Amino acid sequence: MILADVVGTVTATIKHPVYQGRSLMVLQPIDEKGKDLGDEILAVDTVQAGVGDRVLALREGNGVGQVLGTGRVAIRTIIIGVVDEVEHA
Amino acid sequence: MYLGEVIGTCVATTKVDGLEGIRLLVVQPMNRHWKPVGNSQIAADSVQAGPGDRVYLVGSNEAARALENSFVPVDAAIVGHVDAVDLIDDKERP
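Top to bottom, those sequences are chains A and B. Taking my numbering, the leading residue of the first sequence gets 1, the next gets one more, and so forth. Taking my numbering, the leading residue of the second sequence gets 1, the next gets one more, and so forth.
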């Protein structure tokens with residue numbers, strides 16, 4: 001899993017049926033200190049996260065299928081938690 | 001998943017059996033400000049996208065799940081047309 005900041009939302013009318021009714025967010029991956037790491041990714045929200053939240057994201061299709069209860073589908077990345085705090089040495 | 005722009009089409013007459021009937025497009029991955037990121041790639045289409053369209057894609061094994069037959073040899077698939085990307089200011093970030 002990775003830490004990321006939700007920096008935006010994507011609006012799409014025409015999309016694959018598995019994305020219908022799901023919120024698609026723009027995530028900027030970060031390290032434990034909050035520094036940006038690489039390029040943004042898109043993720044489907046499962047925890048009512050909002051723009052400006054720091055979140056935990058899962059990037060593995062099998063786990064995604066379990067969380068969504070759909071089995072494996074055409075979604076690879078989801079938000080699985082809103083982070084309250086990260087402590088690091 | 002990631003953002004991209006369709007910049008072309010790809011035709012392959014001779015191909016493995018699983019790829020028959022699958023529309024292949026040339027896609028340039030984009031960042032959230034619609035600037036190119038990395039190299040262009042070939043992606044399968046599941047939403048009738050065409051050149052000039054702004055789209056989002058799914059990669060890896062999950063790309064195949066976007067197609068009717070999910071045992072196809074693809075590693076990127078277009079799964080949505082992007083109408084808009086709304087972003088926050090960097091100062092609003094945690």
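Rather than coming from a laboratory, the hints here were simulated on the basis of the structure. Possibly wrong hints are sitting among the right ones.
Distance ranges between label pairs, derived from CB positions [what the hints assert, rightly or not]:
hint	chain 1	residue 1	chain 2	residue 2	range
1	B	K91	A	V86	16 to 24 angstroms
2	B	W34	A	E87	33 to 41 angstroms
3	B	D75	A	G63	13 to 21 angstroms
4	B	P36	A	I14	42 to 50 angstroms
5	B	D75	A	L68	17 to 25 angstroms
6	B	T13	A	Q48	47 to 55 angstroms
7	A	T13	B	D17	27 to 35 angstroms
8	A	T13	B	N69	42 to 50 angstroms
9	A	V51	B	V16	36 to 44 angstroms
10	A	K33	B	N31	15 to 23 angstroms
11	B	Q41	A	G63	22 to 30 angstroms
12	A	V51	B	Q28	47 to 55 angstroms
13	A	E87	B	N69	46 to 54 angstroms
Dumping the calculated EDC-like pairs for lysine to aspartate or glutamate here, alpha-carbon to alpha-carbon at most 20 angstroms [stated by the list, open to error]:
hint	chain 1	residue 1	chain 2	residue 2
14	B	K35	A	E85
15	A	K33	A	E85
16	B	K15	B	D86
17	B	K91	A	E60
18	A	K33	B	E68
19	A	K33	B	E92
20	B	K91	A	D36
21	B	K35	B	E68
22	B	K15	B	E68
Being a predicted model, the structure only gives us computed values, none of them experimental. The C-beta atom is built at its ideal place from N, Cα and C for all residues, glycine as well.
Against the structure, the hints:
1. Our hint of 16 to 24 angstroms for K91 (chain B) and V86 (chain A) holds, since their Cβ atoms are close to 20 angstroms apart.
2. Between W34 (chain B) and E87 (chain A) the CB atoms are about 36 angstroms apart, so this pair conforms to the stated range of 33 to 41 angstroms.
3. A hinted range of 13 to 21 angstroms for the beta carbons of D75 (chain B) and G63 (chain A) is consistent with their spacing of about 19 angstroms.
4. A hinted range of 42 to 50 angstroms is violated for the C-beta pair P36 (chain B) and I14 (chain A), which are about 23 angstroms apart.
5. The beta-carbon spacing between D75 (chain B) and L68 (chain A), approximately 21 angstroms, falls within the hinted interval of 17 to 25 angstroms.
6. Range check, T13 (chain B) to Q48 (chain A): Cβ separation about 48 angstroms, and the 47 to 55 angstroms hint holds.
7. For T13 (chain A) paired with D17 (chain B), a C-beta distance near 34 angstroms keeps the hint of 27 to 35 angstroms intact.
8. A hinted range of 42 to 50 angstroms is violated for the C-beta pair T13 (chain A) and N69 (chain B), which are about 26 angstroms apart.
9. Our hint of 36 to 44 angstroms for V51 (chain A) and V16 (chain B) holds, since their Cβ atoms are close to 42 angstroms apart.
10. Restraint check, K33 (chain A) to N31 (chain B): a C-beta distance of roughly 22 angstroms satisfies the suggested window 15 to 23 angstroms.
11. At roughly 25 angstroms, the beta carbons of Q41 (chain B) and G63 (chain A) sit within the given window of 22 to 30 angstroms.
12. Distance hint check for V51 (chain A) and Q28 (chain B): the Cβ-Cβ separation is about 26 angstroms, which falls outside the suggested range of 47 to 55 angstroms.
13. For E87 (chain A) and N69 (chain B), the hinted distance range of 46 to 54 angstroms is satisfied, since their beta carbons lie about 47 angstroms from each other.
14. For the given pair, K35 (chain B) sits about 32 angstroms from E85 (chain A) by alpha-carbon distance, which is inconsistent with the 20 angstroms threshold.
15. With a C-alpha separation of about 11 angstroms, the suggested pair K33 (chain A) and E85 (chain A) falls inside the 20 angstroms cut-off, and the hint holds.
16. For the hint linking K15 (chain B) to D86 (chain B), the alpha-carbon distance of about 39 angstroms lies beyond 20 angstroms, and the restraint is violated.
17. Restraint check for K91 (chain B) and E60 (chain A): the C-alpha separation of about 30 angstroms exceeds 20 angstroms, so the hint is violated.
18. Between K33 (chain A) and E68 (chain B), the direct Cα distance comes to roughly 42 angstroms. Violation of the 20 angstroms bound is thereby established for this hinted pair.
19. Distance restraint check for K33 (chain A) and E92 (chain B): the Cα-Cα separation of roughly 17 angstroms lies within the 20 angstroms cut-off, and the hinted pair is therefore satisfied.
20. With a C-alpha separation of about 14 angstroms, the suggested pair K91 (chain B) and D36 (chain A) falls inside the 20 angstroms cut-off, and the hint holds.
21. Distance check on the hinted pair: K35 (chain B) and E68 (chain B) sit about 31 angstroms apart at the alpha-carbon level, beyond 20 angstroms; violated.
22. Restraint check for K15 (chain B) and E68 (chain B): the C-alpha separation of about 18 angstroms stays at or below 20 angstroms, so the hint holds.
Violated hints, listed in ascending order, are 4, 8, 12, 14, 16, 17, 18 and 21; each of the other numbered hints is respected by the structure.
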